[in-house]
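If you read the sequences in order, they're chains H and V. For the first sequence, position 20 (counting from the first letter as 1) is numbered 20 according to the numbering used here, and the numbering increases by one without interruption. For the second sequence, position 217 (counting from the first letter as 1) is numbered 327 according to the numbering used here, and the numbering increases by one without interruption.
I should point out that these hints are in silico values taken from the structure, not numbers from a laboratory. Among the hints, a few may not be true.
[Claimed, not checked] Cross-link-like lysine-lysine pairs, in silico, DSS-like; alpha carbons within 27 Å at most:
| id | chain 1 | residue 1 | chain 2 | residue 2 |
| --- | --- | --- | --- | --- |
| 1 | V | 430 | H | 42 |
| 2 | V | 781 | V | 769 |
| 3 | H | 53 | V | 298 |
| 4 | V | 647 | V | 377 |
| 5 | V | 172 | V | 430 |
| 6 | V | 172 | H | 53 |
| 7 | V | 647 | V | 298 |
| 8 | V | 113 | H | 42 |
| 9 | H | 106 | H | 53 |
| 10 | V | 117 | V | 259 |
| 11 | V | 769 | H | 42 |
| 12 | H | 41 | V | 781 |
| 13 | V | 172 | H | 58 |
| 14 | H | 38 | H | 53 |
| 15 | H | 38 | V | 781 |
| 16 | V | 389 | V | 351 |
| 17 | V | 237 | V | 298 |
Spelled out from the first residue to the last, the chains are:
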Amino acid sequence: MPGQNHSLGEFEELVLLIVAAHHNEAYGVLILENLEEKLQKKVNISAVHVALKRLEDKGFVRSRFGGITHDRGGRRKKLYSITALGKKVLDKQYALRTSLYQQIPKISFG
Amino acid sequence: MKKSPPKRALQFLRWFCREDYVEEIEGDLTEIFEKQYEVSPRAARLRFALNVIRYFRPAFMKSFKFFNPFAMGVLLRHNLILSLRSFMRYRMSFFINLCSLSVGLACALLIYLWVGDELSVDKFHEKDRNLYQVMYNQELANGIVTNGKTPGLLAAELAAEFPEIEYATTATWVEPRTLSVRDDYAIKAGGRYVSKDFFNTFTHPLLEGDKDHVIDDVSSIVLSESLCMRLFNTTTDVIGKQVVLDHEAPYQVTGIFKDVPPNSSWKFDFVMAYERFEKENDWARDWNSVGPYTYIVTREGVDIDLLNKKIVDFATPHRKEGKEISLFLARYSDNYLYGHYENGRATGGRIDYVILFSIIAVFILVIACINFMNLSTARATRRLKEIGVKKTLGASRKALAFQYLTEAILVSFFSLLVAVALVWALLPSFNVLTGKDMSLRFDPSAVLAVLGVTLLTGIFAGSYPALYLSGFNPVAVLKGKLRISVGEALARKGLVVFQFAISVVLIASVLIVFRQTQYVQNRNIGYDRDNLIFFLKEGRALTNPEALITEMKKIPGVINAAGLGHNLLAHTMGTEDVHWEGKMPGDEILFEYMFADYGMIETLGLEMKEGRAFSRDFVGDTTAVIFNETAIEYMGLSDPVGRIIMESGQPLQIIGVVKDFNFTSLHDGVKPLFVKLWPRYAWNIVARIDGSRQRETLRAIEDLYKSFNPGFVMDYKFLDQEYQALYAAEQRVSTLSRYFAGIAILISSMGLFGVASFTAERRMKEIGIRKILGSTSWGIVVLLTSDFTKMVLVAVAIALPVSYIISDRWLDSFAYRIKLEWWYFAVAGVAALLIAWFTVGLQTVKAAAVSMTRCLRMNE
Numbered sequence: 001m002p003g004q005n006h007s008l009g010e011f012e013e014l015v016l017l018i019v020a021a022h023h024n025e026a027y028g029v030l031i032l033e034n035l036e037e038k039l040q041k042k043v044n045i046s047a048v049h050v051a052l053k054r055l056e057d058k059g060f061v062r063s064r065f066g067g068i069t070h071d072r073g074g075r076r077k078k079l080y081s082i083t084a085l086g087k088k089v090l091d092k093q094y095a096l097r098t099s100l101y102q103q104i105p106k107i108s109f110g
Numbered sequence: 111m112k113k114s115p116p117k118r119a120l121q122f123l124r125w126f127c128r129e130d131y132v133e134e135i136e137g138d139l140t141e142i143f144e145k146q147y148e149v150s151p152r153a154a155r156l157r158f159a160l161n162v163i164r165y166f167r168p169a170f171m172k173s174f175k176f177f178n179p180f181a182m183g184v185l186l187r188h189n190l191i192l193s194l195r196s197f198m199r200y201r202m203s204f205f206i207n208l209c210s211l212s213v214g215l216a217c218a219l220l221i222y223l224w225v226g227d228e229l230s231v232d233k234f235h236e237k238d239r240n241l242y243q244v245m246y247n248q249e250l251a252n253g254i255v256t257n258g259k260t261p262g263l264l265a266a267e268l269a270a271e272f273p274e275i276e277y278a279t280t281a282t283w284v285e286p287r288t289l290s291v292r293d294d295y296a297i298k299a300g301g302r303y304v305s306k307d308f309f310n311t312f313t314h315p316l317l318e319g320d321k322d323h324v325i326d327d328v329s330s331i332v333l334s335e336s337l338c339m340r341l342f343n344t345t346t347d348v349i350g351k352q353v354v355l356d357h358e359a360p361y362q363v364t365g366i367f368k369d370v371p372p373n374s375s376w377k378f379d380f381v382m383a384y385e386r387f388e389k390e391n392d393w394a395r396d397w398n399s400v401g402p403y404t405y406i407v408t409r410e411g412v413d414i415d416l417l418n419k420k421i422v423d424f425a426t427p428h429r430k431e432g433k434e435i436s437l438f439l440a441r442y443s444d445n446y447l448y449g450h451y452e453n454g455r456a457t458g459g460r461i462d463y464v465i466l467f468s469i470i471a472v473f474i475l476v477i478a479c480i481n482f483m484n485l486s487t488a489r490a491t492r493r494l495k496e497i498g499v500k501k502t503l504g505a506s507r508k509a510l511a512f513q514y515l516t517e518a519i520l521v522s523f524f525s526l527l528v529a530v531a532l533v534w535a536l537l538p539s540f541n542v543l544t545g546k547d548m549s550l551r552f553d554p555s556a557v558l559a560v561l562g563v564t565l566l567t568g569i570f571a572g573s574y575p576a577l578y579l580s581g582f583n584p585v586a587v588l589k590g591k592l593r594i595s596v597g598e599a600l601a602r603k604g605l606v607v608f609q610f611a612i613s614v615v616l617i618a619s620v621l622i623v624f625r626q627t628q629y630v631q632n633r634n635i636g637y638d639r640d641n642l643i644f645f646l647k648e649g650r651a652l653t654n655p656e657a658l659i660t661e662m663k664k665i666p667g668v669i670n671a672a673g674l675g676h677n678l679l680a681h682t683m684g685t686e687d688v689h690w691e692g693k694m695p696g697d698e699i700l701f702e703y704m705f706a707d708y709g710m711i712e713t714l715g716l717e718m719k720e721g722r723a724f725s726r727d728f729v730g731d732t733t734a735v736i737f738n739e740t741a742i743e744y745m746g747l748s749d750p751v752g753r754i755i756m757e758s759g760q761p762l763q764i765i766g767v768v769k770d771f772n773f774t775s776l777h778d779g780v781k782p783l784f785v786k787l788w789p790r791y792a793w794n795i796v797a798r799i800d801g802s803r804q805r806e807t808l809r810a811i812e813d814l815y816k817s818f819n820p821g822f823v824m825d826y827k828f829l830d831q832e833y834q835a836l837y838a839a840e841q842r843v844s845t846l847s848r849y850f851a852g853i854a855i856l857i858s859s860m861g862l863f864g865v866a867s868f869t870a871e872r873r874m875k876e877i878g879i880r881k882i883l884g885s886t887s888w889g890i891v892v893l894l895t896s897d898f899t900k901m902v903l904v905a906v907a908i909a910l911p912v913s914y915i916i917s918d919r920w921l922d923s924f925a926y927r928i929k930l931e932w933w934y935f936a937v938a939g940v941a942a943l944l945i946a947w948f949t950v951g952l953q954t955v956k957a958a959a960v961s962m963t964r965c966l967r968m969n970e
């Protein structure tokens with residue numbers, strides 16, 4: 001899709017990674033908890049939602065409603081899964097980072 | 111306790127959040143809340159609310175397009191059809207609504223026209239924003255006196271001294287003069303002397319002539335278009351032609367101005383050069399005398415407060431003998447509406463009546479709206495099924511409310527049509543009543559205002575029924591179990607009470623205004639003003655009044671005649687330059703100045719308290735003076751006759767004291783008066799004629815005048831008529847308030863009629879049962895009437911103190927006022943009650959007379 005925005009912010013990348021890791025099971029609160037656990041800091045739920053909406057707009061994730069739950073005030077979960085495009089972007093990003101990383105000369109910080 | 115997130119926050123989220131996001135966000139937030147709730151419920155609630163606020167940003171908000179124009183169109187058409195159908199079905203209430211709203215709107219329209227006309231007076235001058243009249247305050251022993259007449263030299267001096275002033279002009283009052291272009295043709299018209307720049311200061315467009323130089327010459331005269339037509343039958347090529355004033359002074363026409371519009375407070379047909387006036391009147395060059403008016407136009411952007419401070423003491427140094435005066439600027443166009451000054455402060459004026467009638471207009475409209483509210487809500491039971499069915503089928507409350515609003519607005523627009531027709535038909539008589547010349551004009555701003563008021567009226571009238579009817583519970587309604595709560599019944603009764611309270615206030619006011627105007631006009635003012643005529647001395651009457659007066663007295667119907675220099679209707683002239691024995695500094699007071707000829711006191715029929723009147727039998731009466739009782743009392747002179755006082759440096763002997771009589775409007779009390787014998791300055795001739803031979807006497811006087819003073823038109827006036835004209839404003843208020851009160855009562859009773867007829871109808875079954883059980887028709891009437899009687903009584907109880915306060919304040923503006931008697935209010939209350947009984951009675955008697963079987967057989 002030429003012309004489409006394929007950029008990926010740092011926070012968005014983290015969210016996308018978590019969505020990918022919990023394929024078909026990822027939803028707002030789960031992503032939030034995972035992030036907080038890995039990053040070891042407080043994250044706001046609205047930030048997660050903003051990132052998710054942007055990812056969905058860019059076509060990196062897709063969403064569907066889960067079944068009715070008993071907690072959550074009876075509200076359905078919105079479950080996210082990564083798209084092929086999302087996966088490709090992640091791969092590219094990973095390849096870029098790895099190749100750059102490998103160029104680092106072996107310096108010892110003794 | 112159930113763990114649930116804070117309600118308010120949740121409602122807020124649901125209100126603003128996009129529909130496709132709200133479930134996910136709400137769910138996630140709730141999940142977080144539930145987890146935190148285990149730890150700390152308080153923190154969880156706080157956190158929830160804060161989180162909701164974080165979502166309040168464009169990305170998560172609903173779009174603003176919440177209605178679609180096509181659906182609106184369909185809805186509107188549907189509502190219109192429904193409204194029309196309901197009008198057809200409930201013809202009676204539609205008719206009552208239409209009548210009361212259209213009468214109400216017509217009243218409001220008429221008042222709107224009148225108010226607009228009042229507000230437009232003197233606003234037509236292009237420089238209106240910067241046009242000021244120079245006035246002054248003078249501190250005297252009995253308070254500060256405000257005067258609009260100024261020293262004649264003021265305008266030129268001010269213009270020379272202050273660069274802030276763009277134009278300054280002096281102008282005199284308007285005087286009737288005799289104009290002729292041929293010997294055999296003379297007409298009378300009002301003219302004034304004005305100085306250079308008059309046409310720059312005021313906007314009276316010149317058809318001929320240059321506004322900078324049109325009155326440069328002392329013999330120039332500028333005519334109005336219509337006067338020019340009357341004199342020359344044309345307005346072309348009249349420049350340079352001669353017009354003779356009073357058959358002696360030739361003037362050259364130097365210009366023609368457009369007729370002064372009706373909304374100008376000064377009305378005049380021609381102007382002459384002020385320079386000439388100055389030449390003919392020595393006093394006009396004296397700073398101690400005041401007389402002409404001074405008008406200025408300030409330059410754009412001048413701070414008027416600053417200029418006021420600069421000019422305040424400007425005139426005092428010039429006045430060697432006169433007391434100090436403080437000049438101030440008053441907006442020229444404000445003078446008409448805010449012309450009353452009391453103790454140096456502006457205290458309103460005609461604006462009071464403008465406000466009064468605007469309030470009446472609003473009240474009449476409100477009364478009409480209340481009729482609509484009462485009838486629609488009272489008839490709600492009839493429309494219950496419709497509402498129930500609609501609601502079950504999914505009509506939202508908003509849509510229903512909208513429907514009732516459409517209905518109300520539609521009625522008000524129908525009423526507007528009727529109202530415009532009514533106004534169109536009534537306007538000529540209204541013009542006569544108000545002494546104006548108004549017409550229905552269709553300029554955009556007026557049309558917009560009228561449409562706006564109509565729309566507002568519709569919305570206001572429809573608001574309560576719309577909210578009330580659309581709020582019914584569909585289940586209860588369809589089961590036919592509508593309970594009218596105490597509150598609703600109370601609200602409806604409250605509205606009726608309000609209507610009648612206003613009506614009672616109006617009835618009481620009408621009574622009091624009427625009594626007061628009667629009192630003022632019939633009050634003994636100290637002399638008999640019936641059969642007194644007066645006219646201006648002109649021509650030979652001016653040069654040789656003695657001869658005319660002698661001849662007049664020979665006419666059988668003329669009882670007496672004399673010269674008089676005062677108009678007996680208002681403050682004419684005054685002096686504070688009077689010194690007497692025992693006068694302390696600061697005792698200065700304004701004495702009303704009256705010039706008299708021999709026989710003046712006898713002709714007016716004034717009574718002497720002490721001493722004698724002027725008489726030819728005594729030589730040296732030219733240095734004599736007569737005071738009135740008030741003046742003597744103020745000066746504190748005991749045994750005044752024979753004492754010498756000083757006036758303007760001249761010693762005068764007091765020869766008599768005249769009993770107090772009224773020589774100004776009865777808004778003011780009797781002021782100190784100073785009468786001096788000075789036939790030359792007695793510019794009027796007054797004559798008392800025999801009332802039983804009025805017509806032939808007047809004809810004889812006119813014949814005499816024609817032969818005595820050929821070429822002049824005698825323009826006599828009756829003092830009593832002029833005196834009544836003095837109270838024209840009060841007269842008009844009296845008449846208008848009578849009409850408007852009548853209309854308010856009419857509209858209120860129309861509403862009451864509707865509600866009463868409805869109540870009687872609804873209680874039909876009850877009436878039937880009561881009759882079967884032996885109740886008399888009279889009993890039924892009492893039963894149905896007692897409710898309304900209570901309401902009207904409550905209204906009376908509320909209205910009486912209110913009307914007492916209002917009328918007491920109005921009466922305070924008169925120096926001579928009637929006492930407020932209890933029976934004025936009793937009459938007002940009883941009248942309201944009788945009207946209510948009559949209206950309700952029409953219905954209840956009909957209801958009570960109905961056969962009982964019919965009552966019971968009726969379904970529903």
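Hints and how they fare:
1. V:430 to H:42: violated (90 Å)
2. V:781 to V:769: Measuring from Cα to Cα gives roughly 12 Å; hence the hint holds.
3. H:53 to V:298: Status violated; Cα separation ~90 Å.
4. V:647 to V:377: holds (22 Å)
5. V:172 to V:430: With a Cα-Cα distance of about 80 Å, the restraint between residue 172 (chain V) and residue 430 (chain V) is violated, given a limit of 27 Å.
6. V:172 to H:53: holds (15 Å)
7. V:647 to V:298: Holds - the C-alpha atoms of residue 298 (chain V) and residue 647 (chain V) are around 13 Å apart, at most 27 Å.
8. V:113 to H:42: Given that 27 Å is the threshold and the Cα spacing comes to 24 Å, the pair holds.
9. H:106 to H:53: violated (41 Å)
10. V:117 to V:259: Violated. Residue 117 (chain V) to residue 259 (chain V) sits at ~73 Å, over the 27 Å cutoff.
11. V:769 to H:42: violated (100 Å)
12. H:41 to V:781: violated (92 Å)
13. V:172 to H:58: holds (21 Å)
14. H:38 to H:53: Roughly 22 Å between the alpha carbons, so the hint for residue 38 (chain H) and residue 53 (chain H) holds.
15. H:38 to V:781: The hint is violated at about 99 Å.
16. V:389 to V:351: At roughly 23 Å apart (the allowed maximum being 27 Å), residue 351 (chain V) and residue 389 (chain V) satisfy the hint.
17. V:237 to V:298: violated (31 Å)
Checked against the numbered hints given earlier, the structure breaks hints 1, 3, 5, 9, 10, 11, 12, 15, 17 and satisfies all the rest.
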